[in-house]
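Engineer: Heads up: the sequence lines are chains X and Z, in that order. The first sequence begins at 404 in my numbering and counts up by one. The second sequence begins at 404 in my numbering and counts up by one.
Take the hints with a grain of salt, since some may be wrong.
Copies of the same chain are indistinguishable here, so a pair counts whether it falls within one copy or spans any two.
[Claimed, not checked] Listed below are the simulated BS3-like cross-link pairs for lysine-lysine, each with C-alpha atoms no more than 30 Å apart in a straight line:
hint	residue 1	residue 2
1	500	631
2	609	449
3	500	406
4	636	500
5	490	636
6	500	533
7	721	632
8	721	736
9	406	631
10	449	406
11	406	657
12	657	524
By construction, these hints were calculated from the structure, which means they are not laboratory data. Bear in mind that the values here come from a model prediction, so they are computed numbers and not experimental data.
There are 2 protein chains.
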Amino acid sequence: MRKVYLMTPGPTPIPPEVLLTQAEPMVHHRTPQYTAIFVDVVEGLKRIFLTGNDVITLAASGTGGMEAAVANCFSPGERVLVCAGGKFGERFGEICKAYSIQAEFYQYDWDRAADPAEIKKRLTADPGIKGVFLTHSETSTGVVNDVQAVGKVVAETPAILVVDSISGAGALEMRTDDWLVDVLVAGSQKALMTPPGLAAVAVSPKAWELIEQSTSPRYYFDLMRARKKYADKSPQTPFTPAISLVKGMLAAIKLIEAEGLERVWERHRRMALSTRAAVRAMGLELYARDLERAYAVTAVKAPASIDGAEIVRVLNRKHGVIVAGGQGDLKGKIFRIGHVGYYDIHDLLVAIGALEMTLAELGHTFERGTGVAALERTYMEFG
Amino acid sequence: MRKVYLMTPGPTPIPPEVLLTQAEPMVHHRTPQYTAIFVDVVEGLKRIFLTGNDVITLAASGTGGMEAAVANCFSPGERVLVCAGGKFGERFGEICKAYSIQAEFYQYDWDRAADPAEIKKRLTADPGIKGVFLTHSETSTGVVNDVQAVGKVVAETPAILVVDSISGAGALEMRTDDWLVDVLVAGSQKALMTPPGLAAVAVSPKAWELIEQSTSPRYYFDLMRARKKYADKSPQTPFTPAISLVKGMLAAIKLIEAEGLERVWERHRRMALSTRAAVRAMGLELYARDLERAYAVTAVKAPASIDGAEIVRVLNRKHGVIVAGGQGDLKGKIFRIGHVGYYDIHDLLVAIGALEMTLAELGHTFERGTGVAALERTYMEFG
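Let's have the full structure, built from the sequences with the hints guiding it.
Structural biologist: Encoded structure:
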């Protein structure tokens, strides 16, 4: 028997209420039944993103949403600032390059959050910058950026702020309108507890102005075309939507709203602080140095004598606990425990218990049980 | 009680074997378990498409696959020939326009198939044409083109042949390699009996040569990036795949292969000929004048005195039978019964029986029972 415990920062476990919708018979997307579901999803996402802006859904995974932001908002030759402090920040830069948009990179240490003052400095130095790309929750490092502070800085300029919140919105605090986010990109498979393949993009009036001027080619990801179709008497998408995923997302939205958005945020904070306490109690170090708001993923440094990839392997093979390794330069150096989405303390009891056994097997010296004890203790302090 | 019978040309009903996979717990896409599923899907699609060419999967609906073909194969300013005999043929032209690719249109009557001799004439007249776009099964009209004949014509030129087979391959005869198709675009939600949101593109060596030269921007749909990732020791996709849909497609491929590909084609022919006999027996006319190979969708002209949209509405409201209306200029003039994918004679008994009752209610004069009788008779002639 092999029971599997998915503890990666995406895709994340799907609640049974969502899974069961996936097995329902197919409905046609040009029917009143589907239209009602679709409208409920769009309006639900607006409530979760805390925005009155348009929300466009796309049948694509998160990267498709990121590309939609790039290809719709900017034109070839225009200059943008990409805050790159991890793999997903860098991806924005790669997409800009593909579209001949000149990306200036603000490279910051991967274990740090972006510094809003540095962004301000660069925007002041180059008033021609049309947009700033920021990753809300950087899944590759666990760091969560201060979107609110960056939003203030960018709002004072003609540039728009594009935020990848694929492992954020729905789990971590994200106040799209209050924080002055112009384009928010979300994906189904992380905070939103739905299988991968559905992206959502929230677009502010300031961003629509750029979109209306952009000459970059796009068709499948054309946001203006989607906005127009949503304004139909019977709102729809220009192309066949990912019907089953849209239905799943509606079930997930209902779960989030039944729990209450702020309570969902607080649960994630509680899970993150408990996990941190546990790994520290086992004598391990956290990778991120900026830990404020870092409640989606806990990135842990492997002990010097142990290959991080080996920890990931033993957790998987012996215990069925699937965590993620490091990406890029961090390969073998860290492992990442995801707790964004459908997680409670009992999932973490499994993960930390399995981690204790794994570390013991690999020769790490620590007092057995200290990880789980710290987990429980921190968890109960919230009580 | 309302039982629903989905009889549209896509999305089509999902077999229970596929639906149940959709409710399985999420697996992570960077694991050996998922890799095995993914490789089985790609290799299975090659067998269904009858190709030894590379098959790339994309988390997008069919139009995303069409855009991938355009954006990867051609560069701004290049000339292509778009065979446009229906809504989906025209879509290729729209995508080319979005990418500044000069599309010459070969407009043919929507109730006819494209004429290979005309394509040859145009390719001879303009040897600079880099590609020909053809719709295999035109879902908006029911017409199915002679891909084999067009393939022969195009293969004699430097141009590549791009075929949208979204409602074809997997249900209708499609011999990608024998018929000299350079780029085949397929989607999950029609012939392949899987929920929408997954596209597949088969690419010939002749097409790869163009792809390697193309300067059109693309990232999410970048086929070279996908080919490289598939060649990894552990094959994967560059971005998070639509995991649940990939699993569903594997189940669908197993169903197709258990039945046998040629028997699947024959079943579709049998369903189409039976449906045609039924609607003709009721005194209705078929829309398509070229009926050879047109086995995916039966487009029927509404009687002169009855609005086609009204037939669609009554079938839906009174009988739970969901068929499609006409698109574009055909709005209100035709209705379309889909029988591509998971259909047998009993589905058509329901559809034709409901159509008899609907037509009687709307005042069409015919002898009740003749439709169903003709359906049964033709079906049994195949015996």
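Engineer: Could you place residue 721 and residue 736 in one of the four classes (within, between, both, neither) given a Cα distance threshold of 30 Å?
Structural biologist: within (21 Å within a copy, 63 Å between copies)
Engineer: How would you label the pair residue 449, residue 406 (within, between, both, or neither) given a Cα cut-off of 30 Å?
Structural biologist: So residue 449 and residue 406 fail the 30 Å test inside a copy (36 Å) and across (33 Å) alike.
Engineer: Could you place residue 490 and residue 636 in one of the four classes (within, between, both, neither) given a Cα distance threshold of 30 Å?
Structural biologist: between (41 Å within a copy, 22 Å between copies)
Engineer: How do residue 406 and residue 631 come out at 30 Å by Cα distance, when the copy is not named: within, between, both, or neither?
Structural biologist: Neither, since 46 Å and 33 Å both go past 30 Å.
Engineer: When Cα atoms must be at most 30 Å apart, do residue 609 and residue 449 count as within-copy, between-copy, both, or neither?
Structural biologist: Within. Shortest intra-copy distance 17 Å satisfies the 30 Å Cα cut-off; inter-copy 46 Å does not.
Engineer: At most 30 Å between alpha carbons: which applies to residue 500 and residue 406, within, between, both or neither?
Structural biologist: Intra 43 Å, inter 51 Å, cutoff 30 Å: neither.
Engineer: At most 30 Å between alpha carbons: which applies to residue 406 and residue 657, within, between, both or neither?
Structural biologist: both (28 Å within a copy, 26 Å between copies)
Engineer: Within a copy, between copies, both or neither: where do residue 500 and residue 533 come within 30 Å Cα-Cα?
Structural biologist: both (15 Å within a copy, 26 Å between copies)
Engineer: My question is about residue 636 and residue 500: at a cut-off of 30 Å on alpha-carbon distance, are they close within one copy, between copies, both, or neither?
Structural biologist: between (38 Å within a copy, 28 Å between copies)
Engineer: With identical chains, the pair residue 721 and residue 632 could be close in the same copy or across copies; at 30 Å between alpha carbons, which is it: within, between, both, or neither?
Structural biologist: between (50 Å within a copy, 28 Å between copies)
Engineer: How would you classify residue 657 and residue 524 at a CA-CA limit of 30 Å: within, between, both, or neither?
Structural biologist: neither (42 Å within a copy, 58 Å between copies)
Engineer: Taking 30 Å as the upper bound on the Cα-Cα distance, should residue 500 and residue 631 be classified as within, between, both, or neither?
Structural biologist: both (28 Å within a copy, 19 Å between copies)
The structure shown violates the earlier hints numbered 3, 9, 10, 12.
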